[in-house]
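Those protein sequence lines, which keep their order, are chains A and B.
For the first sequence, the residue numbers in my numbering are 9 to 332.
For the second sequence, the residue numbers in my numbering are 175 to 395.
Certain hints may be false.
Every beta carbon over 10 Å from chain B, so not counted as near; a handful from chain A, in silico [to be verified]:
no., residue
1, Arg47
2, Tyr73
3, Ala120
4, Leu183
5, Ile206
6, Val208
7, Gly215
8, Lys248
9, Gln276
10, Ser284
11, Thr315
The calculated lysine to aspartate or glutamate pairs, modelled on EDC-like cross-linking and capped at a C-alpha distance of 16 Å, are [claimed, not checked]:
no., chain 1, residue 1, chain 2, residue 2
12, A, Lys138, A, Glu10
13, B, Lys299, B, Glu384
14, A, Lys57, B, Glu384
15, B, Lys179, A, Glu84
16, B, Lys193, A, Asp22
17, B, Lys179, A, Glu262
18, B, Lys228, B, Glu259
19, B, Lys199, B, Asp290
20, B, Lys199, B, Asp227
21, A, Lys125, A, Glu147
22, B, Lys193, B, Asp293
23, A, Lys139, A, Glu262
Honestly, the hints are just simulated from the structure, not real lab data.
Glycine included, C-beta positions come from ideal geometry on N, C-alpha and C.
Chain by chain, the residues:
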Amino acid sequence: MEFSFSVTGPPKVDLKDSYDVVVIGGGPAGLTAAIYASRARLSTLVINKGAAGGLVATTEWIENYPGFPEGVAGAELGRAMQTQAQRFGAEFFNGEPEGIDLAADPKILRLAGREIKARSVIIATGTTPKKLGVPGERELYGHGVSYCATCDGPFFADKELLVVGAGSSGVQESLFLAKFAAKITIVEFLATIQAEGILVERFNKTGKGSFLLNHEVLAIEGDRTVSGVRVRNRSSDEEKLIPAGGVFIYVGLEPQTGAFADQLKLDQWGYIEVDSDLRTSVEGVWAAGDVVSGATRQIAAAVGTGTIAAIEVEHYLSSEGAAR
Amino acid sequence: MGMLKDEDKKYVREQFAEKLKGPVKILLFSQRLECEYCRPTEEILTELSQLSDKISLDIRNLQIDSEDAKQFGVEMVPATILLGEQDKDYGIRFFGIPAGYEFSNLLADIIEVSADESDLPDELKQKVSAISRPVDIKVFVTPTCPYCAGAVRTAHKIAMANPRYIKAQMIESVEFPHLANKYAVYGVPKTIINEKVQFEGAMPEAAVVEQVLSALEQPQS
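I would like the entire structure built from these sequences, with the hints used as guidance.
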């Protein structure tokens, strides 16, 4: 039996009244921005509502982030990045802002009933798993419908599972589920598998899995818990019910920009529009990571934009300081 | 080789040196047989207790010390309880090994117990301390669930704000499948309050406090 012990939870922070930079989001982009900003000796606060690493923390194993030839656990990578930022003095607040005024100068954020001022803001709120939007999905959430294999996989020992989405996320998480499940069917709307080839090879090697391509999920069925999924063959129009004790959904991501929707320019899908220096439509506000319009949505890319945003902020604050 | 990495030990030792105020006793109910996770829990808590003079560890046996177990409402092991000065019980319970993300909760709880102060915002603290009927909060988790730690943390903070009436238990689902089954847990975190209100997912603190209040408003069963 192997255990890991996470020592870097959100530490209790005595919030200051104002910061040079407030980073919203604690995924790779936000944490990297915090590392650079705190090393530049800017007072830095990271606001994170979940575990260190954001969505990365829910990824069991990461093999395409450079520097880890054997791969690294997502949770471990998130923790390491947070520890690194903390080491240089970045502060962390666990929760969500109750209110944000980006137009104000300085920016104003409400946190735990207090008003915090920020000379600049980096938005790195990332994305959240997209819902499928079919009947039964919401009703059976937590009763066999899940968006987090690392969280809920152990509840499905020896069950037949259905994974929706044959992208890299869907196949990667199926590999984790294969440790528990008796059988896994990955249903994909498109006629092709989008996942990286190496993941598909491994999935096939588990001997537990199969792909069902070109099928649309119509409904998730079950009385108190999931019993099956109704799918439609997109060529023949034929419908069938696949028995399943659980459904894991990986059909893409959507941006977490609800809190800024009326304050920043977003693209038609709700991602934040930026210029080449990652400046948003509001002065003093940058965006980085997966929340940026057109982002590549890879950890290494998020780390890159987090770096750029922090360096741009540093330039901005030093010239702003000079102007005052 | 210990269970904690050397650099983690160093970090925790520093955190404790800086933040611990009063003494904290970790009370662990354990047993030798038929408890796969008892021994690793004993090991990790032993290592942890060595990281500060302010922390002591008291390991009891579920059968031999059955009277004590009853007093603390412990029927399954491993069960970790945090006691403050003069053995004050803050209603904090961990059933199952506090591993993965739950370990950072244990650290945060120890710091709060040591300070004798719940971390809830004042407004919520007032609401919670006005409660005068028993509240039992169960939070089902898995150690690999990044969202679970927040749910447990919130439940523990609520208990700390009114330990006379409120108990908040983390339950590690993999170790107690019969309970996970009984409460139909297929996704974590899942929170159950007084057997009446239940919800999946991590909610903001204020929303959880409202759920506790709504559980109390429902007729006694």
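Hint by hint, work out which the structure violates, then give me just those numbers in ascending order. 3, 12, 14, 17 and 21
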